[in-house]
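This note's numbering numbers the first residue of the sequence shown as 229 and each following residue consecutively.
Treat the hints with care, as some may be off.
Straight-line C-alpha distance at most 20 Å; calculated DMTMM-like pairs for lysine to aspartate or glutamate [to be verified]:
#, residue 1, residue 2
1, Lys254, Glu344
2, Lys254, Asp365
3, Lys255, Glu331
4, Lys325, Asp365
5, Lys323, Asp272
6, Lys310, Asp270
7, Lys353, Asp395
8, Lys353, Asp270
9, Lys254, Glu331
10, Lys399, Asp367
11, Lys310, Glu331
12, Lys310, Asp339
13, Lys255, Asp339
14, Lys323, Asp395
15, Lys353, Asp367
16, Lys254, Glu267
17, Lys325, Glu251
18, Lys323, Asp278
19, Lys254, Glu356
20, Lys325, Asp367
21, Lys399, Glu356
22, Lys323, Asp270
23, Lys325, Glu287
24, Lys325, Asp258
25, Lys248, Glu344
26, Lys493, Asp367
27, Lys399, Glu331
28, Lys255, Asp365
29, Lys280, Asp270
30, Lys248, Asp272
Simulated from the structure, these hints should not be mistaken for lab results.
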Amino acid sequence: MTYLTLQETAMAIWLNRSGKHSEHEKKFLDEGRIYLTWEVLDQDLSQLSDRKALMSLLENIYPNSKKHRRIQYSGQIWAFVKRMAIGDWVCIPSKRKTIHIGEITSNYVYDPNAQEIYRHYRTVKWLETDIPRTNFDQDILHTLGAFTTICQIKRHDAETRIRAMRDHGWKSTGIILKPLNDDEGTTDEDISEELDLEQVARDQIAKLIYSKFSGHGMENLVEAILQAQGFTTHSTGKGADGGIDILAAPDTLGFGQPSICVQVKSQDSPLER
229 MTYLTLQETA MAIWLNRSGK HSEHEKKFLD EGRIYLTWEV LDQDLSQLSD RKALMSLLEN
289 IYPNSKKHRR IQYSGQIWAF VKRMAIGDWV CIPSKRKTIH IGEITSNYVY DPNAQEIYRH
349 YRTVKWLETD IPRTNFDQDI LHTLGAFTTI CQIKRHDAET RIRAMRDHGW KSTGIILKPL
409 NDDEGTTDED ISEELDLEQV ARDQIAKLIY SKFSGHGMEN LVEAILQAQG FTTHSTGKGA
469 DGGIDILAAP DTLGFGQPSI CVQVKSQDSP LER
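Please take these sequences and the hints and turn them into a complete structure.
Here is the structure:
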């Protein structure tokens, strides 16, 4: 692994989730926009003079929430409205276990006539969609695994490294670019309270499986899993399957029900259904 030391890039990269379960993902992609999908912010937030004014607004909206929670909310909202800039990049985790990356092309916009959760937005130009998570180095995936809806991605010089991926077919460059001060300029709203440990674990398992069982090895792994579940299996053999790789049934002779025909695909990009 090669290590370089670079100054911080001028343009930022942001994480902006399309909902807790990526439920707004299609709208983000189809309309070329990212949204601040809060349901109770029914006013033009660009008119707020400072973070203190935003905090006062949130105190009125969430009177029963704890102060640290309102601070988190204000950090994310302020980032979307005031800190993001034209030319910055934004990463959108997908429900398909991939990452979409776009470039912000507008300032914050408030549309009072839109549906409530879509009134606050910025336009984006999608640079690449459905980039496999396995293309990213693990430390960057940790950053993308934050529970926070909106935050700046900057630890481990992620800004420079993600931008460098574009020139390498959106794959890791194999270079760790170390900033002069990894935490320089980091503010409270950039630091998530916790990671989505389940997603972090899934990313690590996926990377291991793909590195160890790519190609025909994936078929062997799937067959072994079926056998461990009590199925009797028959592999059709490499290159002679006609669309079927494994036949499986739950008894020793292979005639039980349910009988399963398995086609195994091994690739790091999403399959079209």
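The hints, checked one at a time:
no.	hint	result
1	Lys254 x Glu344	holds (17 Å)
2	Lys254 x Asp365	violated (26 Å)
3	Lys255 x Glu331	holds (16 Å)
4	Lys325 x Asp365	holds (15 Å)
5	Lys323 x Asp272	violated (30 Å)
6	Lys310 x Asp270	holds (17 Å)
7	Lys353 x Asp395	holds (17 Å)
8	Lys353 x Asp270	violated (26 Å)
9	Lys254 x Glu331	holds (17 Å)
10	Lys399 x Asp367	holds (14 Å)
11	Lys310 x Glu331	holds (16 Å)
12	Lys310 x Asp339	holds (17 Å)
13	Lys255 x Asp339	holds (16 Å)
14	Lys323 x Asp395	violated (25 Å)
15	Lys353 x Asp367	violated (26 Å)
16	Lys254 x Glu267	holds (18 Å)
17	Lys325 x Glu251	holds (13 Å)
18	Lys323 x Asp278	violated (34 Å)
19	Lys254 x Glu356	holds (15 Å)
20	Lys325 x Asp367	holds (17 Å)
21	Lys399 x Glu356	holds (12 Å)
22	Lys323 x Asp270	violated (28 Å)
23	Lys325 x Glu287	violated (35 Å)
24	Lys325 x Asp258	holds (18 Å)
25	Lys248 x Glu344	holds (17 Å)
26	Lys493 x Asp367	violated (27 Å)
27	Lys399 x Glu331	holds (18 Å)
28	Lys255 x Asp365	violated (28 Å)
29	Lys280 x Asp270	holds (18 Å)
30	Lys248 x Asp272	violated (24 Å)
Going down the numbered hints, you'll see the structure goes against 2, 5, 8, 14, 15, 18, 22, 23, 26, 28 and 30, while the others check out.
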